[in-house]
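Asker: Take a look at the letters that make up each chain.
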Amino acid sequence: EAQVTQNPRYLITVTGKKLTVTCSQNMNHEYMSWYRQDPGLGLRQIYYSMNVEVTDKGDVPEGYKVSRKEKRNFPLILESPSPNQTSLYFCASSSRYRVQNEAFFGQGTRLTVV
Amino acid sequence: AQKVTQAQTEISVVEKEDVTLDCVYETRDTTYYLFWYKQPPSGELVFLIRRNSFDEQNEISGRYSWNFQKSTSSFNFTITASQVVDSAVYFCALSEPLNRDDKIIFGKGTRLHILP
Chain A
4 EAQVTQNPRY LITVTGKKLT VTCSQNMNHE YMSWYRQDPG LGLRQIYYSM
54 NVEVTDKGDV PEGYKVSRKE KRNFPLILES PSPNQTSLYF CASSSRYRVQ
104 NEAFFGQGTR LTVV
Chain B
6 AQKVTQAQTE ISVVEKEDVT LDCVYETRDT TYYLFWYKQP PSGELVFLIR
56 RNSFDEQNEI SGRYSWNFQK STSSFNFTIT ASQVVDSAVY FCALSEPLNR
106 DDKIIFGKGT RLHILP
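Residue numbers (our numbering), protein chains in the order written: chain A, 4 to 117; chain B, 6 to 121.
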């Protein structure tokens, strides 16, 4: 089954404690992205990756890091989380050949930073 | 610049009524895709429909229908005979496949309440 898997689904952490949210896809997609969703703001892109070892900033990259060492994985790293990073996070993947141009989304990670 | 506007922040209707969710988009590209996603209370994003810019045919899927009008840059979504299970946040979105960043631009969402 084609899917994007995020872990964990829920996370409560304290300010300053480094954390990683994992994202894995099994569709051999080139593109992967991270979005955050906040009330009244919709979803905004944090970082994206066009392929292995190629990453770039989206609209709201401050406070986040990513890496793409393997095609299937695209972890989101918060080196020093702060309360304003409390949000719902989604990972997405799509094919660069995008005939159908459909992005597949993970189930979301609800992060609370206290 | 690309933009998606969902002017209705929140809508409440009584079960079995029809309801239309509005979506207006802005893009300079002639090639683009439009989407609708549903986000139920459990939080995941459920893909509903994709429409490319060259296909202005309206679509019907069961109780759901979509009206794409390039002349008004709108892609409205209608639920006929609404049900309580339709209660969710609905997002309209736009992507421009020729852009490097593969970004999907989302509207801010419309929260739909279907009252029993």
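Do not rely on the hints blindly, as some may be mistaken.
[Stated by the list, open to error] Pulled a few chain A residues facing chain B out of the computed Cβ check, cut under 8 Å:
(1) Y34
(2) A106
(3) G111
[Said to hold, decoys possible] Simulated restraints on C-beta separations:
(4) A:T25 to B:T36: 25 to 35 Å
(5) A:K20 to B:S76: 45 to 55 Å
(6) A:G19 to B:F59: 45 to 55 Å
Hint data in this document are derived by calculation from the structure and do not stem from the laboratory. No residue lacks a Cβ here, since even glycine has one placed at the ideal position from N, Cα and C.
Asker: Take the hints in turn and mark each one as holding or not.
Answerer: Right, here's what the structure says about each hint:
{"no.": "1", "hint": "Y34", "result": "holds, 5 Å"}
{"no.": "2", "hint": "A106", "result": "holds, 6 Å"}
{"no.": "3", "hint": "G111", "result": "holds, 5 Å"}
{"no.": "4", "hint": "A:T25 to B:T36: 25 to 35 Å", "result": "holds, 33 Å"}
{"no.": "5", "hint": "A:K20 to B:S76: 45 to 55 Å", "result": "holds, 53 Å"}
{"no.": "6", "hint": "A:G19 to B:F59: 45 to 55 Å", "result": "holds, 50 Å"}
The structure fails none of the hints (numbered hints given earlier).
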